[in-house]
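Number of protein chains: 4
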Amino acid sequence: MNTGARITVIGGGSSYTPELVDGILNHYEEMPVEQITLVDISDGAEKMRIVAELSRRMIEQRGRKITLDTTLDRRAALKDRDFVCNQFRVGGLKARARDESIPMRYGAIGQETVGAGGFAKALRTIPVVLEIARDLEELGSKAWLLNFTNPASMVTQALLNHSNIRAIGLCNVPINMQMAIAQAFGVQVDEVGMDFFGLNHLSFARHIYIKGRDVTREVLHATTDAHQTLANIPAKEWGDDLLQAIQMLPNSYLRYYWFGDETYRQQTADLDAGKGTRAIRVMAIEAELFKTYQNPELKEKPPELQKRGGAYYSEVAVSVMSAIYANRPREMVVNIRNGHALPELAIDAAVEVSALIDGRGARPLYSGLMPNAVRGLIQQVKAFEDLTVEAAVTGDRDIALAALINNPLVPSTDVAAKILRDILRENSGYLPQFELEG
Amino acid sequence: MNTGARITVIGGGSSYTPELVDGILNHYEEMPVEQITLVDISDGAEKMRIVAELSRRMIEQRGRKITLDTTLDRRAALKDRDFVCNQFRVGGLKARARDESIPMRYGAIGQETVGAGGFAKALRTIPVVLEIARDLEELGSKAWLLNFTNPASMVTQALLNHSNIRAIGLCNVPINMQMAIAQAFGVQVDEVGMDFFGLNHLSFARHIYIKGRDVTREVLHATTDAHQTLANIPAKEWGDDLLQAIQMLPNSYLRYYWFGDETYRQQTADLDAGKGTRAIRVMAIEAELFKTYQNPELKEKPPELQKRGGAYYSEVAVSVMSAIYANRPREMVVNIRNGHALPELAIDAAVEVSALIDGRGARPLYSGLMPNAVRGLIQQVKAFEDLTVEAAVTGDRDIALAALINNPLVPSTDVAAKILRDILRENSGYLPQFELEG
Amino acid sequence: MNTGARITVIGGGSSYTPELVDGILNHYEEMPVEQITLVDISDGAEKMRIVAELSRRMIEQRGRKITLDTTLDRRAALKDRDFVCNQFRVGGLKARARDESIPMRYGAIGQETVGAGGFAKALRTIPVVLEIARDLEELGSKAWLLNFTNPASMVTQALLNHSNIRAIGLCNVPINMQMAIAQAFGVQVDEVGMDFFGLNHLSFARHIYIKGRDVTREVLHATTDAHQTLANIPAKEWGDDLLQAIQMLPNSYLRYYWFGDETYRQQTADLDAGKGTRAIRVMAIEAELFKTYQNPELKEKPPELQKRGGAYYSEVAVSVMSAIYANRPREMVVNIRNGHALPELAIDAAVEVSALIDGRGARPLYSGLMPNAVRGLIQQVKAFEDLTVEAAVTGDRDIALAALINNPLVPSTDVAAKILRDILRENSGYLPQFELEG
Amino acid sequence: MNTGARITVIGGGSSYTPELVDGILNHYEEMPVEQITLVDISDGAEKMRIVAELSRRMIEQRGRKITLDTTLDRRAALKDRDFVCNQFRVGGLKARARDESIPMRYGAIGQETVGAGGFAKALRTIPVVLEIARDLEELGSKAWLLNFTNPASMVTQALLNHSNIRAIGLCNVPINMQMAIAQAFGVQVDEVGMDFFGLNHLSFARHIYIKGRDVTREVLHATTDAHQTLANIPAKEWGDDLLQAIQMLPNSYLRYYWFGDETYRQQTADLDAGKGTRAIRVMAIEAELFKTYQNPELKEKPPELQKRGGAYYSEVAVSVMSAIYANRPREMVVNIRNGHALPELAIDAAVEVSALIDGRGARPLYSGLMPNAVRGLIQQVKAFEDLTVEAAVTGDRDIALAALINNPLVPSTDVAAKILRDILRENSGYLPQFELEG
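Protein chains in written order, with my numbering: chain L, 35 to 472; chain X, 35 to 472; chain A, 35 to 472; chain R, 35 to 472.
Accuracy of the hints is not assured; some may be wrong.
[Said to hold, decoys possible] Straight-line alpha carbon distances no greater than 25 angstroms define the calculated PhoX-like cross-link-like pairs of lysine-lysine that follow:
#	chain 1	residue 1	chain 2	residue 2
1	L	245	R	176
2	A	176	X	245
3	R	245	L	113
Quick caveat, the hints were computed from the structure, so don't treat them as lab data.
Excised from the complex, chain L in its bound form (with noise of 0.2 angstroms):
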């Protein structure tokens, strides 16, 4: 008999694995772990090293009984598991740094998790994440997906639509509001209640709520000291014109819907007094953290891990998993097939809402028509995924190009073409599924 969780970690050399290990150590009494199974390819195995020295220190000096191993055999890694968490990045970085400037090229924004940037990230991640679920299904495995590689929102769509496995796309972001707003208001956590609905990096907030009372117009009329700020995107106000016609706290990533000239202009100016895109400055950090993690005498989570970003990651995914491996209820933000709870999208679209995650899963818990101010920005976003994760699967260039111009952060058909064609190009290692054009 188990006497705890057994969890693999793919991609599990990425730098965010201490923050994982550090979130199962302080959530041990919740939820008991037996095995931690960290996988990644050939490439990352000097990393898997040394986050794996790291993770055991760590295990040790809190005095816990959790096995730690690591392979490179990632489908035995998949065998007799309750959970499975990506977080890997196909194409590591290097590809991030082309996701990020190949747009701009073209006057487009350059981002690896919306834009053209996203989407040349999830031609490259839906295949493998699909290889994953095949072997889940396989295996016959009832173990649960926790996907945090993005883009989350196409990944959690390319799973609902091409495989039976048991999946949840998780982000960082709704659990920073809620942070931000349980600071704001001097309250605990689970104390703030939100509303919260839309797709993976395009969602909001419609209520927020302190131990049950609405305080929404408080949050958005008040403190606009409450919004969050993360470490991994551009700070900015939304400005008090704009939360008037909105009327709800949106998630940080619509900046780039909403701001998209100057946050191009900004990215833009970046490159040129030779920042370098996030990708570049990530590749610093990231040089860095492992120079701290080989210290043998580092015990626990460093504190320069805050920069890297991702902040509270392991928070969301320990909660999860210990909701459903505790079957205790608890109320979180999560990427789940719809169902009914946005009648405007499809039953079947992957779409990020307030859900109670317990031991039967996550079930949406919100339900209703979106107001207009967003209804159509979401509508168009979520086309531009549901003709991505078509595209990833069947290689499709038509389709593709449909994607592409769906895209509101791509202005036009002729742009559109040429960002095509430069992705498919320079990811022709990652991107089998294409023909390599005549």
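Given chain L, work out where chains X, A and R should sit, using these hints.
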């Protein structure tokens, strides 16, 4: 007892009126007409006098007994009518010139029916159309209001949301597409069938039939010649890649959404070359036309009218009127209440779809899910339209800003705010519903 | 090249065939016909010979060049057809007699198209219809299957669920309602409009129009005479209270649902009086008819055919065929895929609604929420139909029981179980899909 | 500042009150209570005095500081409340006796919550509940109305359609099902999960879970013992065939729909044997209970209360109240607005579904298409409920007749008309909304 239909034309002084009278004369056997009343505002009285005289000569030349009278008393002209045709323009061509130029100040496309220009025209037009509807309601009228006044989609939407009168929105683009296909295949126009759906100026022929046979592939692949060229929008081919990705024949206005960059560059080049906006060019054509109209020897629609745009405008108007009047079923593309024709739009949305017209009015013939490749764009623009109608009725600046933020042809929130400021300021004489800014 | 339509009639030996041939001759100008092929099973060969000879005399009398041939090879007769008409009856009138009598053993209504009798007929008929569909699919046929075989709703549903062929379900009740209204108002039948919706034998004219004018109130309140009396179902007035409560003109079959008690008492009284069920009476009529048909001097449809029921059957069939064949739009009531016509039923439900028939097939013209007063009954019966189709295809007894429990004419679960047992036992020769009970 | 919840109980003189008080005392730690106010009409004043005295003895015995007062001024008792519990009965047990007996005169089932009896009770009850709602609205109350008064489904529906107050409909059947399953599996009740859906007294546990594991098959196949036996409805096993066909655990009230024949025979036999209807038997039990209550030595809920029916009634009421009061999330089955939980019912339909209760109220957790085997019955009964609510509010006899025609337990239109006549005549004192018949 009536000896024929009684028709009122609001905006009767328009240069289009002889086209409409010509159409009525051509279909007289199918729909006898007893009376045509032209209505205009005092500023248009002289033009109305000119077109009324030409129209009377045309009627006499064809040997019909139709009373044609003119008035400035709009409400009086709405009594005891079978049909009321809207073809007026609030603010005239000068307002159109502003609609076309304000957005261009901030890098956005300037067009009178789509984008920020269409938004401005909607704000001016909707209150006037709703006054007409109010008059018809108070008169207990059973007249059909046939609306050609642009933006036809939002005007129809406003009538659906805020009146109980019987209204149908009309546009000449679909019939031009049908005509072009008929010509390309060498058949009669009523032998061409189209499964047509979308919004006005954002619509698609999904399947095309000749005598009941599906010829969509032939139209899309072989006969690029089949695409119509309309006088009032820049000609441009779609390109094989795009048609391949979309798999439908698009309304020519799609170029504003799909080739915005290029269209904007061309508009800018025209301006720089001193050509002015389209409104400026139309003013010159109109001046010429009215000179021609005054020739007492002219007893028929002059060929120069073609240049004005609006080809087959009268064909659409008279076909709808006669199908209703004679209870003679006819399939046409019109703007009406969605019902469940397009289940991914709201039941009360105004949509442009194939419909059966007969004595009972217009019933949608289309039903189906929209293709991913265009669904999102249609939903996004419909959200813009809903917000614009709400702003036009309430005069709420927040909603007006939310509308512009949702328009795909407005690049960012900052630009939206600037355009909105200029529109409200420069149209203030026509926008009593909005309070003046402090 | 064809010189006219090619039509196959399955169940060609039916006494109805001369009616159909008469209709074809009446509409020959609109739809020239080249060939009519009658198909039947060997048991029906003699009857088929008789109707074929009469039919040929009728054709010759009218001076038309139509080849009329007969065959027992059904699949061969499906090749190169424009239309295939189903009018066969699996098990003949003997099976019908069982359908009518088994339910009455347990206190339930005995009728061949509704209630437990319709259920039994569906189990026998659906597998045969699906064999025909399979043949048409394998032949790559583009023929339209026009199905008159009852229960028409469930047969159409089975074709929608389990085949890809082009099928339309037909019934003569709606045209009889339209005819009766035309007569009552002294107008032509095509001047009567009906907003018609529901399921076959459970349908309603919600609004009725004469030349485009709504006359529903007049029909419901003044002219009880306007209600049709069909030969094959017991005549009965609805009563003012009921029409007041329903506010629509019901299909005459509604009496089984609304006046079940009385109908059952009358059926029992008929049986006790030695009249037998309707099947027994029809057998006698048929015997007479076939005697008449054999008279070599008879060269037209004999008046006695009226007694058989099915008035205007050929009018419906030929109107649909000629509208499709000549691409001539015509509004008719047919059984087709719902789409979104009735949003409270499933998209794939077979429904009976007003539709536009032309060369592209049948497109629903009705759209709207169903009135509370009948919505529930329609939904309940559709659930019964869905379960029955599933039982007919799978031979699953549990689903068959669930179907009967859901039929409003079956009083309880105990009765359902007994009726099911008897139906399966006494129809075993026609129900190979069901395993014999141990 | 409040030191605990303030609760008003309408129908406070009911024999159930000590059960409710007991529940409040049992959950005092979770939800402290400051005041309980009992309200009744003057006819119930003596009974209210008796239960108030017993309740005060119970409170004192447990050493709590709760003020318990009584009043005949209902509106005054609605001020400043956290919760208002409806447990009153318009017309008392005498009216119930009529509800049970009128239908039986015409061969229909006599029951107070389903069939024609439930219809009659709805007509009497809905106007009174809407008066309470009106009072709460006028008082600007934020109280939650917890309604136990039957027919709970139609009462909740009326509140949804005709008020803006916060209301939740409650029933003790679902918790009894959950309790029975817990007992059968030897687990705690909160370790049993149910995917629950339908309408009140017409609902189903679709899936059943023990600690997150799906045990539906085990419940349906092995443990027929798991089915609950409720005191106030005849015990009866479903039978293997039926459970096989339905594949869900039904609410015990389904017997009225599925075994109507047998239930009717048993009701008739009871009447013939002089046992009277259930109302008559309850009157005797009540008389006994009130005798017991008056014993000044009695200081706790007496065991005889069990016989009264309504087991775990207080468990449901107090669980909902404390989850809301303490903002402590708890999954329960309640009657609330559908939203999109059951997409085959209207958005505004009152449905009985699994929901998450916390400080924000009740949010549906269920979402899915209903199985064919029960979908139709639920839709049919919901149509009956919609019509009944409309009749109760408008007093329209036509709609009342349409309602009864739609009830599956009313055999025919003729019977419906007779039952309606008797109900209106014999309840005239309680039905001011209906005009007296001439």
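Right, here's what the structure says about each hint:
{"no.": "1", "hint": "L/245 to R/176", "in the structure": "15 angstroms, holds"}
{"no.": "2", "hint": "A/176 to X/245", "in the structure": "16 angstroms, holds"}
{"no.": "3", "hint": "R/245 to L/113", "in the structure": "23 angstroms, holds"}
The structure is consistent with each of the numbered hints, conforming to all of them.
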